[in-house]
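Colleague: Residues per chain are reported as follows:
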Amino acid sequence: MSALLEVEDLRVTFPTRTGVVEAVRGVSFSLGRERLGIVGESGSGKSQTGRAIMGLTPPQARVSAAKLSFDGLDLMSLPGEQRRALRGNRIAMILQDPKYSLDPVMTIGRQIMETLRTHEKVGKTEARERTLQMLEAVQIRDPKRVFDLHPHEVSGGMGQRAMIAMMLIAEPELMIADEPTSALDVTVQLDVLNILDRLVADRGMGLIFISHDLRLVSSFCDRVIVMYAGKVVEELKASDLGRAEHPYTRGLLDCMPRIDADRHPLPVLDRKPEWAA
Amino acid sequence: MSTVAETRREWLLSERPASRMQARLGRAYVTWRRFSANRLAMVGLFIIVALIVVAALADVLAPYSPTIGDLKNARLLPPSAQHWFGTDDLGRDILSRIIHGSRWTLFVVVLVAIIAAPIGLLVGTVAGYAGGWIDAVLMRITDIFLAFPKLVLALAFVAALGPGIENAVLAIAVTSWPPYARIARAETLTVRNSDYIKAVQLMGASPLRIVLRHIMPMCISSLIVRVTLDMAGIILTAAGLGFLGLGAQPPLPEWGAMIASGRRFILDQWWVAGAPGFAILIVSLGFNLLGDGLRDALDPRSGDQ
Amino acid sequence: MTSMLRVDQLNVVFDRFQALRGVSLDVGQGESFGLVGESGSGKSTLLRAIAGLVPVASGTIAVGGQKLGKKRDKAFYRKVQMVFQDPYGSLHPRQTVDRLLQEPLAIHGFSDGEQRIRRALDEVGLGSGFRFRYSHQLSGGQRQRVAIARALIVEPSILLLDEPTSALDASVQAEVLNLLEQVRRDRELTFLMVSHDLAVIAHMCERLMVMQNGEAVESLAATSLATRDVSQHYTRRLLKASEGFVRT
Chain A
1 MSALLEVEDL RVTFPTRTGV VEAVRGVSFS LGRERLGIVG ESGSGKSQTG RAIMGLTPPQ
61 ARVSAAKLSF DGLDLMSLPG EQRRALRGNR IAMILQDPKY SLDPVMTIGR QIMETLRTHE
121 KVGKTEARER TLQMLEAVQI RDPKRVFDLH PHEVSGGMGQ RAMIAMMLIA EPELMIADEP
181 TSALDVTVQL DVLNILDRLV ADRGMGLIFI SHDLRLVSSF CDRVIVMYAG KVVEELKASD
241 LGRAEHPYTR GLLDCMPRID ADRHPLPVLD RKPEWAA
Chain B
278 MSTVAETRRE WLLSERPASR MQARLGRAYV TWRRFSANRL AMVGLFIIVA LIVVAALADV
338 LAPYSPTIGD LKNARLLPPS AQHWFGTDDL GRDILSRIIH GSRWTLFVVV LVAIIAAPIG
398 LLVGTVAGYA GGWIDAVLMR ITDIFLAFPK LVLALAFVAA LGPGIENAVL AIAVTSWPPY
458 ARIARAETLT VRNSDYIKAV QLMGASPLRI VLRHIMPMCI SSLIVRVTLD MAGIILTAAG
518 LGFLGLGAQP PLPEWGAMIA SGRRFILDQW WVAGAPGFAI LIVSLGFNLL GDGLRDALDP
578 RSGDQ
Chain C
583 MTSMLRVDQL NVVFDRFQAL RGVSLDVGQG ESFGLVGESG SGKSTLLRAI AGLVPVASGT
643 IAVGGQKLGK KRDKAFYRKV QMVFQDPYGS LHPRQTVDRL LQEPLAIHGF SDGEQRIRRA
703 LDEVGLGSGF RFRYSHQLSG GQRQRVAIAR ALIVEPSILL LDEPTSALDA SVQAEVLNLL
763 EQVRRDRELT FLMVSHDLAV IAHMCERLMV MQNGEAVESL AATSLATRDV SQHYTRRLLK
823 ASEGFVRT
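First to last, the sequence lines map onto chains A, B and C.
In terms of this note's numbering, the first sequence opens at residue 1 and continues consecutively.
In terms of this note's numbering, the second sequence opens at residue 278 and continues consecutively.
In terms of this note's numbering, the third sequence opens at residue 583 and continues consecutively.
A portion of the hints provided could be inaccurate.
[As the list claims (entries may be wrong)] Covered stretches of chain C, going by a simulated chain B footprint (3 or more residues, C-beta under 8 angstroms):
1) 661 to 671
2) 686 to 700
3) 714 to 726
The set of hints was computed from the structure by calculation and includes no laboratory data.
The structure displayed is predicted, hence computed values, not measured ones.
Built from N, CA and C at the ideal position, the CB exists for glycine as well.
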């Protein structure tokens with residue numbers, strides 16, 4: 001399986017009033033056409049990793065990498081315009097809360113059409129047709145009605161599905177999902193994940209699933225990397241999660257309350273300073 | 278020497294303040310650093326500090342008397358080494374008049390701020406927190422005051438109360454509070470539904486306590502910024518009233534009145550009106566720069582606050 | 583077991599939207615009772631109605647056997663306290679921890695404030711170095727500890743917990759849940775806890791009620807969750823969802 005994305009020694013640093021903050025400190029991994037989960041708590045640098053790949057790091061931060069290549073293209077040395085052309089077209093990103101990531105003043109249909117027409121030369125009628133098809137593909141039952149609705153007029157789950165539709169319509173090869181289901185109810189989460197799963201499999205896409213939920217990620221993805229304090233502390237196959245070796249991964253698994261295990265008090269993570277070294 | 282400054286700075290920025298005083302000072306220090314990083318804001322601060330110093334030391338700084346002039350020899354002299362800003366039609370040194378006039382400027386600005394800001398703050402927070410008919414009544418009263426152009430309303434008040442700088446101050450204060458009420462009310466509405474206010478309600482705090490101790494502190498920064506930015510306008514309104522003869526009365530060296538009396542000579546002896554006009558310009562600019570700087574430094578959204 | 587908190591056929595209406603529909607529950611003294619549901623289930627509304635933050639359309643609420651009226655009095659606030667969900671919103675941004683803890687003491691007229699504050703901080707595992715910090719200088723877990731300290735400083739008997747750990751990282755959540763359990767044991771408190779996370783409720787509570795669309799779906803013991811001894815379809819769905827993603 002040839003590598004779709006190769007990341008080597010990725011570093012992201014932010015200047016602040018009190019010094020420099022290293023959000024990502026030497027992250028390396030490669031991704032084929034598979035589902036990779038990046039798990040970490042807040043401050044682990046997982047979101048910044050995703051954004052660095054997309055090229056969406058805030059301008060005041062510094063991004064560096066020994067290698068950051070997508071399908072053979074060196075993303076670090078690519079001129080701005082070409083990088084932008086990749087975005088949305090070949091690499092897409094879904095964010096956490098559709099309330100904040102969809103344009104509130106445009107109808108859902110129009111936003112999706114616009115995304116399509118930005119990347120492909122299609123006429124309005126064809127764009128509309130394909131948008132409706134895409135809305136059906138994410139299991140929105142009445143696509144014509146939802147086409148004319150605004151983001152605030154639909155539920156969270158439907159908004160997220162619309163976002164997926166918008167990101168997949170240009171048929172990207174790589175999808176980065178940053179906490180795509182964290183803002184959704186638990187029953188809706190599974191519906192959305194099912195849709196995402198099917199679409200990714202059907203199109204042979206690569207997926208990076210960023211989340212704080214280790215259990216969810218390990219049940220959804222093929223491989224998982226665990227991040228702590230800007231570094232990768234463990235990389236393993238999702239099915240091997242029970243045999244995780246790094247104490248942070250084990251600690252993270254253990255500290256979650258479980259319905260069928262009654263442990264009082266809950267085992268607490270004993271953070272060792274050498275994990276962040 | 279540097280180590281003393283360093284340890285003091287460390288103490289202020291300490292992550293574990295050991296007393297209320299240390300925490301408060303530390304926070305003030307952070308705000309000061311943010312403010313002083315802004316060059317223009319420092320220029321504004323310098324101007325205002327200069328204004329205060331000049332006003333305080335007017336008697337010492339002024340070379341001549343501001344009220345007694347040499348009618349015989351020194352009428353309408355152009356700027357020179359003896360009279361930096363020249364003299365007016367009554368032979369008075371304009372520089373000295375401007376220096377003494379700074380006291381009146383400060384007088385007007387401070388009094389208006391002291392009277393108008395608390396009224397606006399109280400009306401706005403009470404209206405915003407109480408809601409319902411109290412809010413409606415207070416806001417309609419505010420709207421009525423806002424409906425009149427400031428200068429016209431001030432004129433009406435002064436005309437009713439009689440000319441004089443004290444009445445001018447009162448008139449301006451009465452017309453200045455409505456925008457502060459609006460700002461305070463807007464902030465209160467934002468803050469009213471937050472969890473920390475609910476938490477205090479759940480402790481059994483009375484509405485008065487909540488408004489005074491929990492809501493007002495949140496409105497103060499916006500208010501300070503707005504008041505500072507308004508000061509330029511207040512000076513100009515006072516100058517306007519003085520210009521119309523309804524504010525400071527002669528021989529008070531109030532800058533607006535000076536422009537008024539210098540109007541007659543503007544073509545040939547421009548300095549009589551020009552110098553006080555320039556003084557107003559500089560001070561207004563100073564307040565504007567200061568206000569902008571305060572807004573950037575006090576903005577609660579920017580991280581540290 | 584004496585009833586500590588009792589709700590009978592509660593109805594809450596917001597602008598013609600029925601947020602709570604005939605909800606009843608009964609929590610015994612020293613018990614930990616959970617409310618589980620998704621968004622729109624009304625679980626938080628129920629908590630707020632008990633606290634008096636939300637007006638009630640009909641139905642009764644009784645604390646310690648006494649029925650509550652429209653308004654709550656100071657005596658109520660000494661008995662019942664609440665911990666909010668968002669640690670970043672429940673502490674006043676302009677007040678130090680010390681000032682935050684002083685407020686309930688001042689309102690209720692406690693005299694030995696200094697001692698109480700120190701003890702409160704100790705109890706939640708925060709040292710004296712935290713006393714004069716502002717809330718933006720604290721992490722999420724630390725803020726939530728301060729919120730708990732603030733709730734406990736007036737020595738209530740009932741604690742209402744509105745998703746107290748939902749906004750925290752998993753590792754911090756474990757610490758805060760352990761703290762809550764310890765505090766409950768030490769002070770013999772009665773808990774009414776709201777969460778969308780079934781596992782958290784199963785861990786913290788002895789009994790729970792599942793809610794959906796403003797109505798009570800099912801009341802059951804936490805142990806029944808582990809044995810999957812549930813009667814309602816919706817409860818079963820929630821249980822299934824909490825197990826994670828299953829590829830179909």
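Colleague: Decide, hint by hint, whether the structure agrees.
Modeller: The hints, checked one at a time:
1. 661 to 671: Per the Cβ count (6), the hint holds.
2. 686 to 700: Three-residue rule met by the stretch 686 to 700 of chain C, so holds; n is 3.
3. 714 to 726: holds (count 5)
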